[in-house]
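This note's numbering puts the first residue of the sequence shown at 19, with every later residue one more than the last.
Be a bit skeptical, because a hint or two may be false.
Heads up, simulated BS3-like pairs for lysine-lysine below, C-alpha to C-alpha not over 27 Å straight-line [said to hold, decoys possible]: (1) Lys253 to Lys76; (2) Lys200 to Lys238; (3) Lys120 to Lys104; (4) Lys88 to Lys119; (5) Lys162 to Lys184; (6) Lys253 to Lys115; (7) Lys76 to Lys184; (8) Lys88 to Lys115; (9) Lys253 to Lys221; (10) Lys76 to Lys120; (11) Lys88 to Lys76; (12) Lys104 to Lys253; (13) Lys201 to Lys183; (14) Lys115 to Lys162; (15) Lys253 to Lys119; (16) Lys162 to Lys201; (17) Lys183 to Lys115; (18) Lys201 to Lys120; (19) Lys120 to Lys184; (20) Lys119 to Lys162; (21) Lys183 to Lys119; (22) Lys201 to Lys238; (23) Lys184 to Lys238; (24) Lys88 to Lys183; (25) Lys88 to Lys162; (26) Lys76 to Lys115; (27) Lys162 to Lys183; (28) Lys76 to Lys183.
Don't read these hints as lab results, they were simulated from the structure.
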Amino acid sequence: MNKGGTGHVEVIISFVLFIGFLAFILIAFNPLKPASNPAIVNSIYNVLEENLSTELNKVSINLNFVPPGKECFILHNTYQLVSDLKCNNQNILIKDKENHKKYAQITAGEIVSTLSPTSNFYTIYCSDEIDPVSGSVPNFNSCKEYDENEYGVGIIVSDELWSLKKITSLENEYTGNYPNMKKEFIRETSDFGFIIWDINLNKEFDLTQDVPKGLDVISKTLPINIVNSDANVTKHTITVMTW
19 MNKGGTGHVE VIISFVLFIG FLAFILIAFN PLKPASNPAI VNSIYNVLEE
69 NLSTELNKVS INLNFVPPGK ECFILHNTYQ LVSDLKCNNQ NILIKDKENH
119 KKYAQITAGE IVSTLSPTSN FYTIYCSDEI DPVSGSVPNF NSCKEYDENE
169 YGVGIIVSDE LWSLKKITSL ENEYTGNYPN MKKEFIRETS DFGFIIWDIN
219 LNKEFDLTQD VPKGLDVISK TLPINIVNSD ANVTKHTITV MTW
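Please construct the entire structure, taking both the sequences and the accompanying hints into account.
Pasting the structure below:
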């Protein structure tokens, strides 16, 4: 082969090697793929927490004496307590010491509740998460009325908790209207999901999608507490992910 022919072959081989090297670089490093940013998953968690949280206020009360034959009690001078607890007739729940739910209502700023004959200890809960017990006071004449010096009030405890109602609502929106709802949580060029686990690592909520091949998934797992409509609080973990 003459020198001219050899030169052409060398040029072709060099070009093929260059194309192969360039293809390797594109596959290995993919400059078109967005760079992974751990701060994004933190931002998503913060937005989820802000949108899915609710306030739960609670306080314990102790009645000095429960006379026999009474079906309910009225706590006088509880206007300030009702205000501090942020209570109303749509978000109040009372439980006795056995954790049994009692019907409760607020009348003229005073708390009224059905009574457990063997219990003088109760906890008042107020939260938008709560579904109040349906019913009514049997007969106000059958209520024991308590003045301020006849019952003790504990310290009000306020917690920001994850709302089961809001999580369930978001799950329905995620599965039925993801393209629109995701705009509230992440930029349009990215995607997100999350899984909520119980303490036994069973999935209670799985809001995830198929991740396209070749994309990096950034995730973070954190502990959370969830409150339900009965004011029960349970420990969970949440894994938030984005890609």
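Structure versus earlier hints, numbers of those that do not hold, lowest first: 5, 16, 18, 24 and 27
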